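Chemist: Taken in sequence, the protein lines are chains A and B. Position 56, counted from 1, in the first sequence is what UniProt numbering calls 56; the numbers after and before it change by one each time, with no gaps. Position 390, counted from 1, in the second sequence is what UniProt numbering calls 390; the numbers after and before it change by one each time, with no gaps.
These are computed hints drawn from the structure, not numbers from a lab. All of these numbers come straight from a predicted model, not from anything done at the bench. Any given hint could turn out to be false.
Any copy, or any two copies together, can satisfy a pair, since identical chains are not distinguished.
[Said to hold, decoys possible] Derived DSBU-like pairs (lysine-lysine); straight-line CA-CA distance at most 30 Å:
#1 Lys418 to Lys389
#2 Lys375 to Lys301
#3 Lys296 to Lys418
#4 Lys216 to Lys418
#5 Lys17 to Lys3
#6 Lys296 to Lys378
#7 Lys381 to Lys288
#8 Lys288 to Lys161
#9 Lys161 to Lys375
#10 Lys108 to Lys195
Protein chains: 2
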Amino acid sequence: MIKANDPSLKSWVEVPKYSDFPIQNLPFGIFKTQYLDPGAGVAIGDYILDLTYLDENGFLDGLGLPAGIFNQQYLNTFIGLGKETTRAVRNRISELLDANNDELRDNKPAREIALIPMDEAEMLMPVRVPNYTDFYSSEEHATNVGTMFRDPDNALLPNWKHIPVGYHGRASSIIPSGVDIYRPKGQTKAPDAEKPTFGPSKRLDFELEMAFITGKENGLGNSISTSEAEEYIFGFVLFNDWSARDVQVWEYVPLGPFLAKNFASSISPWIVTMDALEPFRVAGPEQKPEVLPYLKYQGEKNFDVRLQVLLQPEGGAENVICNSNFKYMYWNVNQQLAHHTVNGCNIQVGDMYASGTISGPAEDSYGSMLELAWKGTKPIKLSDGSERKFVEDGDTVIMKGYAEKNGVRIGFGEVRTKVLPAK
Amino acid sequence: MIKANDPSLKSWVEVPKYSDFPIQNLPFGIFKTQYLDPGAGVAIGDYILDLTYLDENGFLDGLGLPAGIFNQQYLNTFIGLGKETTRAVRNRISELLDANNDELRDNKPAREIALIPMDEAEMLMPVRVPNYTDFYSSEEHATNVGTMFRDPDNALLPNWKHIPVGYHGRASSIIPSGVDIYRPKGQTKAPDAEKPTFGPSKRLDFELEMAFITGKENGLGNSISTSEAEEYIFGFVLFNDWSARDVQVWEYVPLGPFLAKNFASSISPWIVTMDALEPFRVAGPEQKPEVLPYLKYQGEKNFDVRLQVLLQPEGGAENVICNSNFKYMYWNVNQQLAHHTVNGCNIQVGDMYASGTISGPAEDSYGSMLELAWKGTKPIKLSDGSERKFVEDGDTVIMKGYAEKNGVRIGFGEVRTKVLPAK
Chain A
1 MIKANDPSLK SWVEVPKYSD FPIQNLPFGI FKTQYLDPGA GVAIGDYILD LTYLDENGFL
61 DGLGLPAGIF NQQYLNTFIG LGKETTRAVR NRISELLDAN NDELRDNKPA REIALIPMDE
121 AEMLMPVRVP NYTDFYSSEE HATNVGTMFR DPDNALLPNW KHIPVGYHGR ASSIIPSGVD
181 IYRPKGQTKA PDAEKPTFGP SKRLDFELEM AFITGKENGL GNSISTSEAE EYIFGFVLFN
241 DWSARDVQVW EYVPLGPFLA KNFASSISPW IVTMDALEPF RVAGPEQKPE VLPYLKYQGE
301 KNFDVRLQVL LQPEGGAENV ICNSNFKYMY WNVNQQLAHH TVNGCNIQVG DMYASGTISG
361 PAEDSYGSML ELAWKGTKPI KLSDGSERKF VEDGDTVIMK GYAEKNGVRI GFGEVRTKVL
421 PAK
Chain B
1 MIKANDPSLK SWVEVPKYSD FPIQNLPFGI FKTQYLDPGA GVAIGDYILD LTYLDENGFL
61 DGLGLPAGIF NQQYLNTFIG LGKETTRAVR NRISELLDAN NDELRDNKPA REIALIPMDE
121 AEMLMPVRVP NYTDFYSSEE HATNVGTMFR DPDNALLPNW KHIPVGYHGR ASSIIPSGVD
181 IYRPKGQTKA PDAEKPTFGP SKRLDFELEM AFITGKENGL GNSISTSEAE EYIFGFVLFN
241 DWSARDVQVW EYVPLGPFLA KNFASSISPW IVTMDALEPF RVAGPEQKPE VLPYLKYQGE
301 KNFDVRLQVL LQPEGGAENV ICNSNFKYMY WNVNQQLAHH TVNGCNIQVG DMYASGTISG
361 PAEDSYGSML ELAWKGTKPI KLSDGSERKF VEDGDTVIMK GYAEKNGVRI GFGEVRTKVL
421 PAK
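Hey, can you work out the whole structure from these sequences and the hints?
Modeler: Encoded structure:
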């Protein structure tokens, strides 16, 4: 067991009962405050532990960290140091926050500077994203979409069970939780219309996804096997792959989604390490037909992470509209990375690889409005009496996620985004 | 007229008759030598003018350049200074190289350090590429593909004449001329096979494209109109969008090309500025049906750039296998950028936007092997007596391009890539 994952650990920092950020989590992020420039921090309870301060004041000595490694706009350089180093840092932070360790606990002046209340900080993008890929790895989601738009009897396309289908997305428009988005404008064409028209999307949707972030390069021309994949994965975030369905259906043939997706993707700002998720591994679904040898894998590669989507109308209450789980993925992250690099494609530090919409078997586990309201035929009822077929102006969409076992909750915080009217 | 474009200008540097790099061109690139770290240079004849040296020795004083602007691995920061500054630098370099200017001409010690023979330098990636988009803007190419794979009577899909169709490509695997590639491996499935198989691609192809590089940000949520687009475009390179056709046909439904393309894209290393191409503007084809208002434009937005593809078998001679022209594009770069941002998608400095395969009306002007050998039915004959349906191991593919008028040739140099057997 990784030292910092020990369920018996307790911190001297008070951690509220249902906090996403107990001492067993210790996710990394980039924050700024009124007084501090952007820099790296770790979440603990309702606080952010300022890594720049710890590093500059000797608390991280002996770990071989380059000078100024945390005093940066992005975590890329830190993550790129490799898992051995980042794991050692997480273990050392665990030690410093341990209730039995007095180094920081009993050093009141240092403690008061090092711990910053979350509500005094703004979370920024944790990494600069050199490349972003979106997979399509939930069988339920692919089946639902195929049923709605193609043939219910042949909902999955012939390649789907052989390939972890994916495509390249837009890296520039990935934004952190809390940044509002504008409803995108675009070309759409009604099936019976002669010509397309231009205007704000009428079918704005979210997609509930998770994304992994890579921390190691393979170099162009080299493949990563399913058994090597985890060396390359630093951690995970929640990922809202905003989608304009009416734009998508008109533009996507033959080269895939483009303007329907690239106006924004929103992420939760804390990167939960793959290390912290170790205790929550579960087996994935059986894969039939048998996959090609380069996609075979050993061990439990799915993760039991409960996921929720909430929708809050302007000035209204938050409504839970989806309960799903990361464990439903048909294709796991090891397979995704092995497939992505089997042709020699090169992975870079900070890349994001999103799962695709995570839908489960139950109707309330579908990870998009398109599926939840079944193409508009089953509107979602909200607590204020209103209904939704798609996301409306003024709505805030919130995604949350956590893994829980043995009284330990490893949470992701949230990704919260308000939709403003088209500019 | 831009000062540096004057066709009557002559340089004191000897420029061979058919050189791509007369004093009217002055493209920017990043080079290194045995003695010099990577830094910015400008091509003149068979030489590279070392901008770091010029800058550090006062030759570029008065232009308001930040310290160390050329002593960098990439041109992004320089390009991001804006067109007013980059244009002023090009004009000043033109002045320094002018036969009538004695500043550098008669300063032998400086001249000998500042001018580096091209054959003593290695050209590197000119920019770090934050985002890469590939369009599909040649009507002839889209028609050829549609004819071969779909319905000859309805070769163009319904959206093609309404949308400059594009998709996101992989930025990490864009490499400069001179870097060999390995034949990619991947999943393919023969139409009559029951299951897919895995192995080296048997249908490796090139795509003759050009790409523009952006030098200005719009900011997420803001659109760029067709009339504003040129403020955002710094310059152009030749672009070889390597494609594994057998992988592509199996993987691309429904989300577009992925592993078929992301193993490598090769570019020419000199960025020819949009300024240098000004004299070569021509009208594009008439667009019918009428495009939506946001895609309308005024003026001549196509460029008359002659393009060539050559194929050189291992140890053999170079064979010209394609003569095309950038002017054939149905959708112009202004329309591409306006479309890309109409939903608020944000452009970054150093982004590459490739044209899509540039095919013309004549059979020898098709920009891919797929089209030239018409899906393998009309093999290309080479001078050594061999034939090609697709690119073979050991083949080198070379793309060249230049614009020419009034005795002035504005050339792109070349992108030259050898294909090695699969790893």
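Chemist: Are there hints from earlier that the structure breaks, and if so, what are their numbers?
Modeler: The structure breaks hints 2, 3, 6, 7 and 10; every other hint is satisfied.
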